[in-house]
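Engineer: Let the sequences and hints guide you as you build the complete structure.
4 protein chains.
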Amino acid sequence: MKHVFLGLGRMGSGMAMRILDAGLPLEVYNRDLSKAAPFRERGIRVHETVRDALDGADAAFTMLSDDHALRSVINRETLRIMAPGSVHVSMSTVGAACSVETAFLAEGHGVRHLSAPVFGRPEAAASGKLRLCVSGDQPARLALAPHLSSMGEIWDFGKDPGAAPAVKIAGNFMIASLIETLSEAFSLVGNHGVEPEAFFRMMSGTLFDAPAVRTYGELILAGSFEEPGFPLSLGFKDAGLAKEAARRTRTPMALASLLEDRFLRAMARGWDRKDWCVISDLQKEDARS
Amino acid sequence: MKHVFLGLGRMGSGMAMRILDAGLPLEVYNRDLSKAAPFRERGIRVHETVRDALDGADAAFTMLSDDHALRSVINRETLRIMAPGSVHVSMSTVGAACSVETAFLAEGHGVRHLSAPVFGRPEAAASGKLRLCVSGDQPARLALAPHLSSMGEIWDFGKDPGAAPAVKIAGNFMIASLIETLSEAFSLVGNHGVEPEAFFRMMSGTLFDAPAVRTYGELILAGSFEEPGFPLSLGFKDAGLAKEAARRTRTPMALASLLEDRFLRAMARGWDRKDWCVISDLQKEDARS
Amino acid sequence: MKHVFLGLGRMGSGMAMRILDAGLPLEVYNRDLSKAAPFRERGIRVHETVRDALDGADAAFTMLSDDHALRSVINRETLRIMAPGSVHVSMSTVGAACSVETAFLAEGHGVRHLSAPVFGRPEAAASGKLRLCVSGDQPARLALAPHLSSMGEIWDFGKDPGAAPAVKIAGNFMIASLIETLSEAFSLVGNHGVEPEAFFRMMSGTLFDAPAVRTYGELILAGSFEEPGFPLSLGFKDAGLAKEAARRTRTPMALASLLEDRFLRAMARGWDRKDWCVISDLQKEDARS
Amino acid sequence: MKHVFLGLGRMGSGMAMRILDAGLPLEVYNRDLSKAAPFRERGIRVHETVRDALDGADAAFTMLSDDHALRSVINRETLRIMAPGSVHVSMSTVGAACSVETAFLAEGHGVRHLSAPVFGRPEAAASGKLRLCVSGDQPARLALAPHLSSMGEIWDFGKDPGAAPAVKIAGNFMIASLIETLSEAFSLVGNHGVEPEAFFRMMSGTLFDAPAVRTYGELILAGSFEEPGFPLSLGFKDAGLAKEAARRTRTPMALASLLEDRFLRAMARGWDRKDWCVISDLQKEDARS
Numbered sequence: 051m052k053h054v055f056l057g058l059g060r061m062g063s064g065m066a067m068r069i070l071d072a073g074l075p076l077e078v079y080n081r082d083l084s085k086a087a088p089f090r091e092r093g094i095r096v097h098e099t100v101r102d103a104l105d106g107a108d109a110a111f112t113m114l115s116d117d118h119a120l121r122s123v124i125n126r127e128t129l130r131i132m133a134p135g136s137v138h139v140s141m142s143t144v145g146a147a148c149s150v151e152t153a154f155l156a157e158g159h160g161v162r163h164l165s166a167p168v169f170g171r172p173e174a175a176a177s178g179k180l181r182l183c184v185s186g187d188q189p190a191r192l193a194l195a196p197h198l199s200s201m202g203e204i205w206d207f208g209k210d211p212g213a214a215p216a217v218k219i220a221g222n223f224m225i226a227s228l229i230e231t232l233s234e235a236f237s238l239v240g241n242h243g244v245e246p247e248a249f250f251r252m253m254s255g256t257l258f259d260a261p262a263v264r265t266y267g268e269l270i271l272a273g274s275f276e277e278p279g280f281p282l283s284l285g286f287k288d289a290g291l292a293k294e295a296a297r298r299t300r301t302p303m304a305l306a307s308l309l310e311d312r313f314l315r316a317m318a319r320g321w322d323r324k325d326w327c328v329i330s331d332l333q334k335e336d337a338r339s
Numbered sequence: 051m052k053h054v055f056l057g058l059g060r061m062g063s064g065m066a067m068r069i070l071d072a073g074l075p076l077e078v079y080n081r082d083l084s085k086a087a088p089f090r091e092r093g094i095r096v097h098e099t100v101r102d103a104l105d106g107a108d109a110a111f112t113m114l115s116d117d118h119a120l121r122s123v124i125n126r127e128t129l130r131i132m133a134p135g136s137v138h139v140s141m142s143t144v145g146a147a148c149s150v151e152t153a154f155l156a157e158g159h160g161v162r163h164l165s166a167p168v169f170g171r172p173e174a175a176a177s178g179k180l181r182l183c184v185s186g187d188q189p190a191r192l193a194l195a196p197h198l199s200s201m202g203e204i205w206d207f208g209k210d211p212g213a214a215p216a217v218k219i220a221g222n223f224m225i226a227s228l229i230e231t232l233s234e235a236f237s238l239v240g241n242h243g244v245e246p247e248a249f250f251r252m253m254s255g256t257l258f259d260a261p262a263v264r265t266y267g268e269l270i271l272a273g274s275f276e277e278p279g280f281p282l283s284l285g286f287k288d289a290g291l292a293k294e295a296a297r298r299t300r301t302p303m304a305l306a307s308l309l310e311d312r313f314l315r316a317m318a319r320g321w322d323r324k325d326w327c328v329i330s331d332l333q334k335e336d337a338r339s
Numbered sequence: 051m052k053h054v055f056l057g058l059g060r061m062g063s064g065m066a067m068r069i070l071d072a073g074l075p076l077e078v079y080n081r082d083l084s085k086a087a088p089f090r091e092r093g094i095r096v097h098e099t100v101r102d103a104l105d106g107a108d109a110a111f112t113m114l115s116d117d118h119a120l121r122s123v124i125n126r127e128t129l130r131i132m133a134p135g136s137v138h139v140s141m142s143t144v145g146a147a148c149s150v151e152t153a154f155l156a157e158g159h160g161v162r163h164l165s166a167p168v169f170g171r172p173e174a175a176a177s178g179k180l181r182l183c184v185s186g187d188q189p190a191r192l193a194l195a196p197h198l199s200s201m202g203e204i205w206d207f208g209k210d211p212g213a214a215p216a217v218k219i220a221g222n223f224m225i226a227s228l229i230e231t232l233s234e235a236f237s238l239v240g241n242h243g244v245e246p247e248a249f250f251r252m253m254s255g256t257l258f259d260a261p262a263v264r265t266y267g268e269l270i271l272a273g274s275f276e277e278p279g280f281p282l283s284l285g286f287k288d289a290g291l292a293k294e295a296a297r298r299t300r301t302p303m304a305l306a307s308l309l310e311d312r313f314l315r316a317m318a319r320g321w322d323r324k325d326w327c328v329i330s331d332l333q334k335e336d337a338r339s
Numbered sequence: 051m052k053h054v055f056l057g058l059g060r061m062g063s064g065m066a067m068r069i070l071d072a073g074l075p076l077e078v079y080n081r082d083l084s085k086a087a088p089f090r091e092r093g094i095r096v097h098e099t100v101r102d103a104l105d106g107a108d109a110a111f112t113m114l115s116d117d118h119a120l121r122s123v124i125n126r127e128t129l130r131i132m133a134p135g136s137v138h139v140s141m142s143t144v145g146a147a148c149s150v151e152t153a154f155l156a157e158g159h160g161v162r163h164l165s166a167p168v169f170g171r172p173e174a175a176a177s178g179k180l181r182l183c184v185s186g187d188q189p190a191r192l193a194l195a196p197h198l199s200s201m202g203e204i205w206d207f208g209k210d211p212g213a214a215p216a217v218k219i220a221g222n223f224m225i226a227s228l229i230e231t232l233s234e235a236f237s238l239v240g241n242h243g244v245e246p247e248a249f250f251r252m253m254s255g256t257l258f259d260a261p262a263v264r265t266y267g268e269l270i271l272a273g274s275f276e277e278p279g280f281p282l283s284l285g286f287k288d289a290g291l292a293k294e295a296a297r298r299t300r301t302p303m304a305l306a307s308l309l310e311d312r313f314l315r316a317m318a319r320g321w322d323r324k325d326w327c328v329i330s331d332l333q334k335e336d337a338r339s
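Residue numbers (the working numbering), protein chains in the order written: chain S, 51 to 339; chain C, 51 to 339; chain P, 51 to 339; chain B, 51 to 339.
All the pointers check out, no bait thrown in.
Each pair may be met inside one copy or between any two copies, as identical chains are not told apart.
Capping the alpha-carbon separation at 25 Å, the derived lysine to any residue pairs in SDA-like fashion look like this:
| no. | residue 1 | residue 2 |
| --- | --- | --- |
| 1 | Lys334 | Arg297 |
| 2 | Lys334 | Arg300 |
| 3 | Lys209 | Gly255 |
| 4 | Lys179 | Glu247 |
| 5 | Lys85 | Gly73 |
| 6 | Lys209 | Gly243 |
| 7 | Lys334 | Glu247 |
| 8 | Lys334 | Arg298 |
| 9 | Lys209 | Asn241 |
| 10 | Lys179 | Arg264 |
| 11 | Lys287 | Gly243 |
None of these hints come from the bench; they were simulated from the model. Remember, predicted model here, so these are calculated numbers, not experimental data.
Structural biologist: Right, dumping it as structure tokens:
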């Protein structure tokens, strides 16, 4: 069985390593070959082209940056060289529409599709503590359960290939909303002479005692966004995915629009590579807090 | 020592009962006398006028509906009949500006001020599980610790009488933001064929595993807003307090503005007495979800 | 007949001079007496207190900065010293609610009320080219037609004292919206390599060939906001009046909320005394245009 | 010389007729042949395929519904069959990015490009009273001046093929903003007992005395949107173009986002075929006005 992982960025490399650590066979590919070095050192087969990687593959896991990258890897030319009855596991955060189109295209070439976007930062990827939103071909999901479980916890959303991506996009929208909410709340209490830290201790210790609140609250309070766990450019991309999904399904989302504007304003500052929590700096600037 | 509690609404009656249950002496007042019946039955002294209640009082706890109600109870005329060195404990959710003005006015009449607005629904009030945001006269806070503790957990925010109200207002803003966020997320996944319940199970079971998320998510999913834990009219009032505090301290808050508009739109429907989660019905209506 | 004008700011002084130029008798008052000098030099009676000004007055025109200033001049104490059957002509831009309350209070003291807020910058006030929105006591309107006409064009909105103020507030909302619209459009074309001036020439020469468009478009393009025709602080006040009117009548206005946030953000920069078109600088800053 | 016009919708048919009325030679094409009947009756050559239409063409005017339609007509396959040195005049309202890409693609095939999107409703198209925003190949603009002038007034924006589309998009944004502004203002005065018509007479007779204000104000006041001069679906498309242009050039536009949400909410109601002024019905509904 040829199983291959395409996309060895900060998330993908951790995920592929977890599959390997679980003792499962895996070959890898990355456009920038230098990132594949740790795999080569471990004796893992590293492909130099997408074609080599996918040729005869029984399962292909993709973890790529966006819709465009996914389409450049999984398309008419490459689907036809995969093994009959093979599976494409699409783990990137891409548009719900792109997921569905990719799934239909695969189906037309006899390749089964599993959408499996993930929640979690690079540390969680490296330690197998991601949360996977999974939907699509159910026999494929069962067959690949060991691989999926090695990367984290599986949350099943049924057969529709667009379901899991929608869940991922909506979840990221919730986090973005949380960042903005905390930013505004901190500046309001700050402008009333209350230390934002004291306010946050109460909120995160009572009503809002949740992992996301702790993670993002502490990042915002630390106020240093130079080493991104998740860069603004991806946050902006995800805000765009939410809006695209909203438009396509005629789902007005006033708050999602506000958030996209915030990210756009931060992008216009050239903050692409900072952590996406950097939008809190805009609030501080506006509120002189 | 004459301690008196003014305002026996759904929150206040539970809070006053808790003080009594702790074995502390207390007299009560409510504009609508019928609500005082449970206290009279218990043998508690019930005053028929604000003047009777405050005359010679050593401590007065107020739990009233808004700025206007507070000012009609605590003012030049009534402050001068309280005992010298007495304390006014202001527990209503009122504006930060109103709190500061009330505190200054009290100070001018030799009455100490403690701001102590609370988080928690009526059930929490009745069971002593509120969270109290406390700021103001620190010796008064210590002297009244038994009373305050009988009602719930104390979170201290220092000497500034405007601090605790700002914390309360910012906290309610966070809850309102959560309601809107969940409403939009549910409609987005719903319009992609995902059951909002399934999405919510994942979110509230992982990143957003917090009491407020569970409480409000379940309310929204249940979709029945006829018996309000917290009525829209108060949610709208609180959104107004956030905006007022923002305006006065020159703190632009784009999200707070969006939320006030949502509540206003629901008010225009005549939904004043429904639970404030009813704004999720607007999202459902807009998104046809 | 004693006719008196209270409020000799940049607008009021021009308006009072126009009444005098029409050969109509007028006495004046201003809190800061130095602004009354041109009137004294002309031999006009200048009162030193509000009481002196209103004592026995048959008609009082007020042009004051806001609700608070109006209430400090026209109230229970001063209404009772005006002549029986006299008229208060309220020309300030104040809240619709404040106008109605002031009118009712006057009525209770036998003083008739005419709301007559105006459109126009100081130059228009000085040259009698204002537009007056008038509503309230109709016989009073007819009796004072010479005075009103000396200041500009009369637009009648019937008997309701809240009508003309609502028209004024809605009109200012339209201007504020225009400023924001032009600011965003200019930055969009500018970021596509088109000179905003060229775009503006086309728009103001065709579809948007209107006085307000020319005035505000040219101000924004000139980009110098140090000498305000209308200061930001008043623009912010008027945005607040629009929101207050919206809240009281349960009229959700998403765009009005957005505009208030813009003005608030500019206020937080300390730009109170700049022209209200300065909000276009925020757009330029955001868009790097 | 073979000049051909592609796209005979409500706008295109009027525009093509104007060119013919000016005595200039023209052949036509439309996907739905029935719409070409009036041209056939007039003895004009009607092509049945895009290839036939463009084969050997010296100038091709396109007036199509959107980016997708334009790309399906003007692309690698069709550009290569046009005459050497020919001109493509792109008159559709399409994205600025799509315009630039189409221009570059044409250039690569030896076809010159002129962007010439237009302002005006179908009546203006039929009577040659459009406003044309023109940018791109300047010699081509001069050579085709008779054709362009037959359709309306020419406004030149230089050589950049993206300039004129940006002007068109920004202009439509201004109109959309006007529709929303009037809708909110009408509901505000209406909720204060003022007839929106009376308010509008004052505004459109003074500060806002502009063609667009009269046209759109009267449409909104008439309140009948069943026979669209410009359908909501196109308004929504244009709002999307503004946002796309904003995103690509990193130009945050808060008001443009608000407008897109409004149009999306109206689309979700299934109002696609109504006039785009129908968004005023949402405001009426929200404000109970």
